[in-house]
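Everything in the sequence shown is counted per my numbering, starting at 4 for the first residue and increasing by one.
These are calculated hints, taken from the structure and not from any lab test.
It is possible that some hints are incorrect.
Said to hold, decoys possible - Restricting the straight-line Cα-Cα distance to at most 25 Å, the calculated cross-link-like pairs of lysine-lysine (BS3-like) are:
#1 K51 with K72
#2 K64 with K104
#3 K51 with K101
#4 K183 with K216
#5 K101 with K64
#6 K72 with K62
#7 K51 with K62
#8 K51 with K104
#9 K183 with K111
#10 K117 with K104
#11 K111 with K100
#12 K100 with K183
#13 K100 with K117
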Amino acid sequence: MNNDLLLLSGNDIAFTEAQLTVHQPIIYDLNYSKDKLRKEDKVNLRNKTNFEILMSIMKSKNVIAQQNKNCALLVLMLLFPEYSLSLDMFMEQIVLKKDGKEYFINNKNYEAFKSILISVFCLDKNKDDVSSYNPGNDAARKIAEKLKKGRAKVASLKGDSQKISILERYISILAVGENKDINSLMQYTVYQLFDEFQRFELKQSHDIYLKAKLAGAKDLDEVENWMKNIHP
């Protein structure tokens, strides 16, 4: 699944394999906690497909598995707000109903659905933290290093439990850096937020480079064009 313009627009995504449309939830909607599976929940699942693993979690009576089940259902409700949801454990499929018609997510179409989720939630972006930013010139690099050291010092005092989620951090940075209302940024989809933040990073690097050059700095590394295509 790779339609950048459709993702950027925030419109629904066609899930043709199941004759469904997937809604792109905005940041404001994503107000839930997610827990990773513990190792014991993965026992005997190595030869299972991703969908079979998902259904195994849905069936489990384990407390942690039930928490994951609730989270999965919350995500599905965000993605399919106009459908009623139910689980068919006998046929091992997720049933969605609308206007008297039934649609199914099952082992046959789950990988296509997973591909949509990866695009919608930018799970392939590999941008774990703002501190991974790599500015393209010496002046910007020195500023980034100072910021990184400051973050490291604060982290050592607060501990890992005080980490801010990446979405919250992106929204906070864009609100200040672009002088935008946080509430307006909360109306973005995940894809829109990642897109704007990446463009903001490029523009910041360009502006720092330009200011340094106008101030007489020499031997600066060229920076990338901030208007370049970021969705090749």
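Outcome of the hint check:
1. K51 with K72: holds (18 Å)
2. K64 with K104: violated (30 Å)
3. K51 with K101: Roughly 30 Å between the alpha carbons, so the hint for K51 and K101 is violated.
4. K183 with K216: violated (28 Å)
5. K101 with K64: violated (29 Å)
6. K72 with K62: Holds, at roughly 9 Å.
7. K51 with K62: Within the cut-off at roughly 15 Å; holds.
8. K51 with K104: violated (30 Å)
9. K183 with K111: violated (43 Å)
10. K117 with K104: holds (23 Å)
11. K111 with K100: Between K111 and K100 the Cα gap is close to 18 Å, so the pair holds against 25 Å.
12. K100 with K183: This hinted pair is violated, its Cα atoms lying about 39 Å apart.
13. K100 with K117: Roughly 20 Å between the alpha carbons, so the hint for K100 and K117 holds.
Violation of the numbered hints given earlier is confined to hints 2, 3, 4, 5, 8, 9 and 12; the remaining hints are satisfied by the structure.
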